[in-house]
Amino acid sequence: MPSRASCAWPRRRVAGRLESALAAFDLLTTDNILVAGQLAQKLDQQNRDRQALTRKIQEQAEQMALADDPAAHLMFAVHPEFNSGVVGLAASRLVETFYRPAAVGQVGEETTRCSCRSIPEFHITEALDQCKDLLIRHGGHAAAAGFTVRNENLPALKERLKEIANRELAGLDLRPSLSADLEVSLSKMTGDVLKYLDYLQPTGYGNPDAVFVSRGLTVKSVRTVGADNKHLKMT
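Sequential numbering from 1 applies to the sequence shown in our numbering.
Everything labelled a hint here was simulated from the structure, so no lab data went into it.
A virtual CB, placed ideally from N, CA and C, is assigned to each residue, including glycine.
You may find that some hints are simply not true.
To be verified - With beta-carbon atoms standing in for the labels, derived distance ranges: (1) N32 - R175: 45 to 55 Å; (2) R150 - H231: 23 to 33 Å; (3) D44 - E163: 19 to 29 Å; (4) G191 - E110: 51 to 61 Å; (5) D173 - Q45: 49 to 59 Å; (6) L186 - Q51: 29 to 39 Å; (7) A156 - L22: 37 to 47 Å.
Claimed, not checked - Straight-line Cα separation of at most 25 Å, PhoX-like style, residue types lysine-lysine; simulated pairs: (8) K233 - K188; (9) K233 - K195; (10) K233 - K220; (11) K56 - K42; (12) K220 - K188; (13) K230 - K220; (14) K230 - K56; (15) K132 - K162.
With these hints in hand, go ahead and build the complete structure from the sequences.
Here it is as structure tokens:
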């Protein structure tokens with residue numbers, strides 16, 4: 001059964017973020033194995049470039065937002081050199097790090113295009129609805145949104161969004177939480193159970209992955225994995 005992972009590989013999606021999406025299309029449609037290998041290598045390099053660029057923009061956006069107002073409930077950072085194809089990824093990283101809604105965007109000659117990511121306590125699109133008089137266009141849902149604003153309206157928009165966030169999030173304990181669907185012993189997490197979980201896909205916003213919790217476990221070994229050793233593998 002096709003899964004979300006098998007249909008939405010980062011290397012396939014990266015083509016449209018940094019360059020033309022045709023490379024991914026050509027890879028899926030070519031019957032020439034040599035061409036397929038060359039295209040796969042190209043997409044892999046683009047994915048590495050995307051990861052490095054996302055980290056760079058995240059670091060710059062973090063510095064800008066904290067220097068502007070470290071106590072703000074919403075992080076806002078825009079710059080002409082930010083790549084519009086990855087600003088949403090950078091905003092997601094800020095939300096993961098600081099548990100605050102974030103808007104990151106690229107400043108153009110006349111307009112600025114931003115991507116926003118948020119937390120469950122703050123409906124980002126409803127906040128943008130309250131700023132529609134300043135926007136050219138906007139859209140999204142509770143957790144993610146995008147907008148385009150004329151540069152002359154950018155300062156007023158930033159201040160209004162921060163005011164809305166400060167008002168709605170004031171006094172809340174803004175820390176990430178984890179909700180489990182069911183407490184279950186590991187012995188019951190069989191291959192059949194995992195197979196049935198596949199029927200719930202595609203998962204994502206509005207249909208999150210199932211989360212289970214098991215108690216009384218003993219960790220026998222731990223090691224880091226991944227290119228940057230940012231993931232843990234436990235036994």
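So, going through the hints one by one against the coordinates:
no., hint, verdict
1, N32 - R175: 45 to 55 Å, "52 Å, holds"
2, R150 - H231: 23 to 33 Å, "42 Å, violated"
3, D44 - E163: 19 to 29 Å, "44 Å, violated"
4, G191 - E110: 51 to 61 Å, "56 Å, holds"
5, D173 - Q45: 49 to 59 Å, "43 Å, violated"
6, L186 - Q51: 29 to 39 Å, "32 Å, holds"
7, A156 - L22: 37 to 47 Å, "39 Å, holds"
8, K233 - K188, "20 Å, holds"
9, K233 - K195, "22 Å, holds"
10, K233 - K220, "11 Å, holds"
11, K56 - K42, "21 Å, holds"
12, K220 - K188, "20 Å, holds"
13, K230 - K220, "19 Å, holds"
14, K230 - K56, "17 Å, holds"
15, K132 - K162, "15 Å, holds"
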